[in-house]
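Required output: the full structure, derived from the provided sequences and hints.
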Amino acid sequence: MLQRPTQTAAFWRDQFEITSDDLEFLYNLLLEAQTPKKLSELALALVQEYIRRENTKIASELSKGTVYLPKERYQLGQKVVFPVLEFAVGEVTDVRSGQNPEYGEFDVIKVKFPDRQSEFAANLQQPHRLNQTNTTNNLQDETLLSAPEIYSLYRAEIDESLLYALEEGERSQDFVEVDNFWLLSDMLAEVHVGFLNIAEALIEMQAKPLKTEQLLAEIELDENVTKPMRIISLNHALGKDARFDRLGGSSDVLWYLKRLEPAEVITTPALLRYTPLNYNRALLSVELLQIE
1 MLQRPTQTAA FWRDQFEITS DDLEFLYNLL LEAQTPKKLS ELALALVQEY IRRENTKIAS
61 ELSKGTVYLP KERYQLGQKV VFPVLEFAVG EVTDVRSGQN PEYGEFDVIK VKFPDRQSEF
121 AANLQQPHRL NQTNTTNNLQ DETLLSAPEI YSLYRAEIDE SLLYALEEGE RSQDFVEVDN
181 FWLLSDMLAE VHVGFLNIAE ALIEMQAKPL KTEQLLAEIE LDENVTKPMR IISLNHALGK
241 DARFDRLGGS SDVLWYLKRL EPAEVITTPA LLRYTPLNYN RALLSVELLQ IE
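Under the working numbering, the first residue of the sequence shown is numbered 1, with each subsequent residue one higher.
Fair warning: there could be bad hints in the mix.
[Claimed, not checked] Restricting the straight-line Cα-Cα distance to at most 27 Å, the calculated cross-link-like pairs of lysine-lysine (DSSO-like) are:
1) Lys38 <-> Lys64
2) Lys227 <-> Lys240
3) Lys227 <-> Lys211
[What the hints assert, rightly or not] Each pair of labels, with its calculated beta carbon distance range:
4) Asp14 <-> Gln99: 40 to 46 Å
5) Ser118 <-> Glu41: 42 to 48 Å
6) Glu41 <-> Asp186: 15 to 21 Å
Please keep in mind that the hints were generated in silico from the structure rather than gathered at the bench.
Where is the CB? At the ideal position from N, CA and C, for every residue including glycine.
If you want it as structure tokens, here you go:
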């Protein structure tokens with residue numbers, strides 16, 4: 001059988017780690033799309049890319065010679081690829097008749113590898129599991145897990161690795177998260193402090209929370225950037241400025257000034273203030289630890 005790491009739990013749970021090539025792939029994906037994407041969309045696209053790379057590697061390795069199948073005949077000097085030996089390529093240096101009454105007539109081929117010589121059965125008429133491998137259609141094998149199926153099975157591990165790379169990785173400065181969507185920092189319109197001061201003045205004059213679109217109508221961001229991206233850019237900048245407080249959900253964003261909010265909104269009421277108490281956590285059950 002062909003070795004496919006992407007089809008194993010061990011790869012996704014123990015070996016999967018975002019590489020510089022992966023980050024470059026995600027960067028180009030967002031650059032080409034010119035639209036933000038959810039973490040799940042990036043993760044699924046990356047799984048699909050891993051499968052594509054794997055198929056490309058397998059196709060390249062198989063092209064180096066004839067794939068070994070015990071039922072086939074081989075000739076002296078023939079190059080043979082062994083998928084079960086991590087695609088090792090060897091040359092047939094000898095062909096002789098096999099001797100085993102249980103298997104009937106068959107050949108034994110001696111194959112020379114760069115570091116060793118080994119013998120294999122050939123022209124074998126008896127059933128063998130390696131003969132069941134359809135190398136022609138293996139890259140499109142319907143029994144293989146699809147990218148959505150792989151992501152569904154190992155979503156927690158994939159998301160954890162991807163999120164860490166986007167937030168803490170070597171190119172974290174290239175990626176920005178806004179409203180649970182990821183985009184390139186270069187895709188954001190510039191929102192300098194003067195624009196933020198205008199937003200503060202607009203909210204203060206209206207004395208009520210304002211939608212991002214209302215603020216954008218008075219703030220002249222780069223017109224070369226699409227309106228949806230200008231809205232995202234302004235939301236991102238306002239969210240990073242301590243003067244502003246975001247109200248409402250992701251689909252109906254309102255902005256207000258923290259200094260104009262009632263004290264009860266900013267300060268926790270006395271009845272809800274927690275006074276820490278010392279206790280032995282080792283005595284708590286799993287359920288109580290979860291509640292804690």
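Checked hints:
Of the supplied pair hints, the one linking Lys38 and Lys64 is violated, its CA atoms being roughly 40 Å apart against a limit of 27 Å. Between Lys227 and Lys240, the direct Cα distance comes to roughly 20 Å. Compliance with the 27 Å bound is thereby established for this hinted pair. For the hint pairing Lys227 with Lys211, the CA-to-CA distance comes to about 14 Å; that is within 27 Å, so the pair holds. Evaluation of the 40 to 46 Å hint for Asp14 and Gln99 yields a pass: the beta carbon distance comes to about 44 Å.
Evaluation of the 42 to 48 Å hint for Ser118 and Glu41 yields a pass: the beta carbon distance comes to about 46 Å. Taken as a hint, the range 15 to 21 Å holds for the pair Glu41 and Asp186, whose Cβ atoms sit roughly 19 Å apart.
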